[in-house]
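Asker: What follows is each chain in one-letter form.
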Amino acid sequence: MKHIIIRFVFVVVGLQLCAMESAVPLEKGKWEIGIVKPIRYGLGSGREVSTYKLLNIKMPNISYKKLRWRKSNWDISTRHSMYYPTPLFKWLQSPLGMELGGPDMFALISPEFEIHHMVSIWNSVIATRKIMEDVHFTGSAELGIAIGANELAKESTIDLPFIFPRLAVYYTDVVIKMGSSIHSRINKHWGYIVSGEAFLMPGALGEFAFENTSQIEWVRHSGFRILCGYKLIYGEYPFGGEVHIFPAFDLIWSK
Amino acid sequence: MIFIKDRLRYFNLLAVAILFSCEPLVTTFGDSEDALYYEAANIQNVDYTTDPFEINVMTWNIRFGAGRLPFFGDACGDRVVFTSGEIEANLEGVAAKINLSDPDIVLLQEVDRQSKRSAYIDQVQWILDNTNLNYGAYASVWKAQVIPSDGIGRMDFGNVILSKWELSDAERIKLPLREDQDALTQYFYLRRNILKAKVAVPNQTEFYAVNIHATAFATDDTKQKHVDTYIQTLKDLDDAGAKFVTGGDLNALPPGATSIDFCMADICSGESFHSDADGGPHKDGSYFNNFINEPTLLQALYDSYTPAVSLTNYSANESNYFTHAPSTGDVTADRKLDYIFTNLTWNTNSDSTHQDASNWSDHMPVSATLNFSQ
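Taken in sequence, the protein lines are chains A and B. Heads up: the first sequence begins at -1 in the numbering used here, then just goes up one per residue. Heads up: the second sequence begins at 842 in the numbering used here, then just goes up one per residue.
Hints are computed from structural coordinates only; laboratory data are not their basis. Predicted, not measured: the structure shown is a model, and the values here were computed from it. Fair warning: there could be bad hints in the mix.
What the hints assert, rightly or not - SDA-like cross-link-like pairs, simulated, lysine to any residue; straight-line CA separation at most 25 Å: (1) A:Lys88 - B:Pro989; (2) A:Lys88 - B:Pro911; (3) A:Lys152 - B:Asp963.
Just chain A, same shape as in the assembly (with noise of 0.2 Å):
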């Protein structure tokens, strides 16, 4: 059972930075939320803004999507998002505000290396194309650079799925994704979303890492539907290459 907790606050951790998103952006004035994806809102005119709520608690974040080109079924849009991690590193240093020494559970990196201020821009091409009557593909190719960081010590990363191909752009400052995924509508109740997405991370000490996502959809009405299925990852680690596999699940509101 512990296994099973643990593993699943590490998956909405992870999952709150991994979903893979469609090139079109939301209408203006539409918004759509989910427990573990990012509040997406609708500005008209193709442009869309988001953030990773919860993640906002401890890491500062904003997206901003453009939608630039639109012809035969393709949609192509820009997303430049920003991130400031520097609270976050802090406060997984002591997440109970215990001192080294003190039963300080939790704490995923030592008190002992120093955090400076950092700042991580993203800059990504997203390509979404309707390839057959509600099958949907999208591709997508991000550049992450990180500023302020490079006194970060690099024995202080975590080396854990999800975080550590998520957090190396701060030891590595340059971090290139890319991923793809396809969302399918069975009926009027039922999908599947299958995503691929990898991180190449050159200079870290696990430079490569590969998340393949799959996830049944169930639609209830146009304003709910849920997302249950599995993430399996791939990921080099200073200590070598792993597998995991976790559960993945969501649920989304919209309007």
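Since chain A is already given, all that's left is putting chain B on it; use the hints.
Answerer: Showing chain B alone in chain A's frame:
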């Protein structure tokens, strides 16, 4: 609907297949399990012509290659994760000491093989590749994908038997868990063991090496249970007619030790302890009278088997035989925690307590020469 069922079947099969390939968050162990075998990158010839046949045996708790660095867990320190340079510098000291003493069999405790705190260096392989030893067997004491406390992270450390001769039948024998911890702490805590392996010593058919690292910080009678299991393991070998050398870090004092309370010696800044006369509180791991008869816990071991350092010699000059110096303050050995025994005999006065090796661990190695002539 059939379409959906097909898809679900596919997802389930894939999920189950991969789930079984993943290692658990925390590795737990059965009563008896196979140990992990190692070999040096270059196997060296062992040419023995001594008559009578004798071999040199050493035990050493090497403190995961941290030497005297200020680790937060046992040294009033503020460090948790060490660099590969720091660990390798200490391992070089460990290897140099082993090469100088040239033991044929080495029992090591606190050896990391895939731990974040020691830069993920496989210390079993590292020591094999940098000494005259050829073969190894490893049994995890603490193995988890992550220890969610103090930034410790991934952990795999344990007990090791190294030998110039091939090892077989290597067995990890489970020791009872501490019972003075809450369930969550216990789940992520150490799972101590006895490591037993048959050693292919020339002209010996049933010769074993047995390594133990008993609990250090338990405040209940867990240590008694560990020693009981240890004695039973040795008795089983003895009853079966096997010969053995055994030892390790028993975290217990010799019967008759002058001092049993090291709380003040181990005290860290900001801590407060009282003397034995006050009734405590005592610092975990520094007080050796937590349960009835703890000061004489090892008497049964001394009564049954031959120690490398006899109680007579120990009592005559205790400080010569101290094997542990707390990592706080000055490096002055002040207690004996490490032992070697056999059901054969030791060459007279062949024992050494290597207090000159105090830079490479908070424990110092003990060695002696085993004689097969009787």
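Asker: Return the numbers of the hints above that this structure violates; sort them in rising order.
Answerer: none
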